[in-house]
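A.B. asks: The sequence shown begins at 9 in our numbering and counts up one residue at a time.
There could be a bad hint or two in this list.
Unchecked claim - Calculated lysine to aspartate or glutamate pairs in the EDC-like style (CA-CA distance at most 16 Å, straight line):
{"#": "1", "residue 1": "LYS60", "residue 2": "GLU141"}
{"#": "2", "residue 1": "LYS60", "residue 2": "ASP101"}
{"#": "3", "residue 1": "LYS60", "residue 2": "GLU103"}
{"#": "4", "residue 1": "LYS60", "residue 2": "GLU123"}
{"#": "5", "residue 1": "LYS60", "residue 2": "ASP16"}
As the list claims (entries may be wrong) - Simulated restraints, written as ranges between beta carbons of each label pair:
{"#": "6", "residue 1": "ASP152", "residue 2": "GLY38", "range": "18 to 26 Å"}
{"#": "7", "residue 1": "GLN12", "residue 2": "LEU76", "range": "31 to 39 Å"}
{"#": "8", "residue 1": "ASN13", "residue 2": "GLY97", "range": "19 to 27 Å"}
{"#": "9", "residue 1": "ASP100", "residue 2": "ALA15", "range": "28 to 36 Å"}
{"#": "10", "residue 1": "THR11", "residue 2": "ASP100", "range": "36 to 44 Å"}
{"#": "11", "residue 1": "ASN23", "residue 2": "GLU141", "range": "32 to 40 Å"}
{"#": "12", "residue 1": "ALA115", "residue 2": "ASP77", "range": "29 to 37 Å"}
{"#": "13", "residue 1": "LEU18", "residue 2": "GLY38", "range": "33 to 41 Å"}
{"#": "14", "residue 1": "ALA148", "residue 2": "GLN35", "range": "38 to 46 Å"}
{"#": "15", "residue 1": "ASP100", "residue 2": "GLY21", "range": "40 to 48 Å"}
{"#": "16", "residue 1": "ASP75", "residue 2": "TYR140", "range": "23 to 31 Å"}
{"#": "17", "residue 1": "SER20", "residue 2": "GLY99", "range": "14 to 22 Å"}
{"#": "18", "residue 1": "THR19", "residue 2": "ASN40", "range": "17 to 25 Å"}
Calculated directly from the structure, the hints in this document are not laboratory data. Glycine residues also receive a C-beta, built at the ideal position from the N, C-alpha and C atoms.
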Amino acid sequence: MPTQNFADRLTSGQNILLDGGTGSELQRRGVNIARGWNKAGDIGPWSAVANKTAPDAVRQIHTDYLDLDADIISSNTFWGNRSRMAVAGLGDDWEEYTRLAVEIALAARDDSNPEAYVAGGIAPSPGLGDSYEDLRDQAAVLEDMGVDAILTEYVGSIAKVR
């Protein structure tokens, strides 16, 4: 766990380096990220399923980013909300996958660089009827798990999450 509060670090004027994409890195390493397309053509949970199917690979990616001096790693929770997970038939399991993602990220951080931060990533699912409720629910779990910040990703406009 970092000794410097995240908000204090943000206002310190120091440079802070965020990791790169976890899903694309999983894909590059040959992990099936199981997009879970449905009949309507909606993309499923992207890389969130890998928290269960390839947890060692997820952890190694976090570790690799930390070894490259990333100050912040993002939990593998992009598109891990109820609506997006439902596309792959996992809508009732979204919280389990979210908690597992944070456990993996925190363990990687604690073993590799305890001064680094873990951001809990959330992203709306355009076209799937996501609401602020989906994102709030996921953010609440991320906060409960002890992430240092919430990273809202892939939001093209406020209208996307109404």
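A.B. asks: Evaluate each hint against the coordinates.
C.D. replies: For each hint, the structure was consulted:
no.	hint	result
1	LYS60 with GLU141	24 Å, violated
2	LYS60 with ASP101	11 Å, holds
3	LYS60 with GLU103	12 Å, holds
4	LYS60 with GLU123	26 Å, violated
5	LYS60 with ASP16	34 Å, violated
6	ASP152 with GLY38: 18 to 26 Å	33 Å, violated
7	GLN12 with LEU76: 31 to 39 Å	20 Å, violated
8	ASN13 with GLY97: 19 to 27 Å	40 Å, violated
9	ASP100 with ALA15: 28 to 36 Å	35 Å, holds
10	THR11 with ASP100: 36 to 44 Å	38 Å, holds
11	ASN23 with GLU141: 32 to 40 Å	36 Å, holds
12	ALA115 with ASP77: 29 to 37 Å	19 Å, violated
13	LEU18 with GLY38: 33 to 41 Å	36 Å, holds
14	ALA148 with GLN35: 38 to 46 Å	29 Å, violated
15	ASP100 with GLY21: 40 to 48 Å	45 Å, holds
16	ASP75 with TYR140: 23 to 31 Å	36 Å, violated
17	SER20 with GLY99: 14 to 22 Å	41 Å, violated
18	THR19 with ASN40: 17 to 25 Å	41 Å, violated
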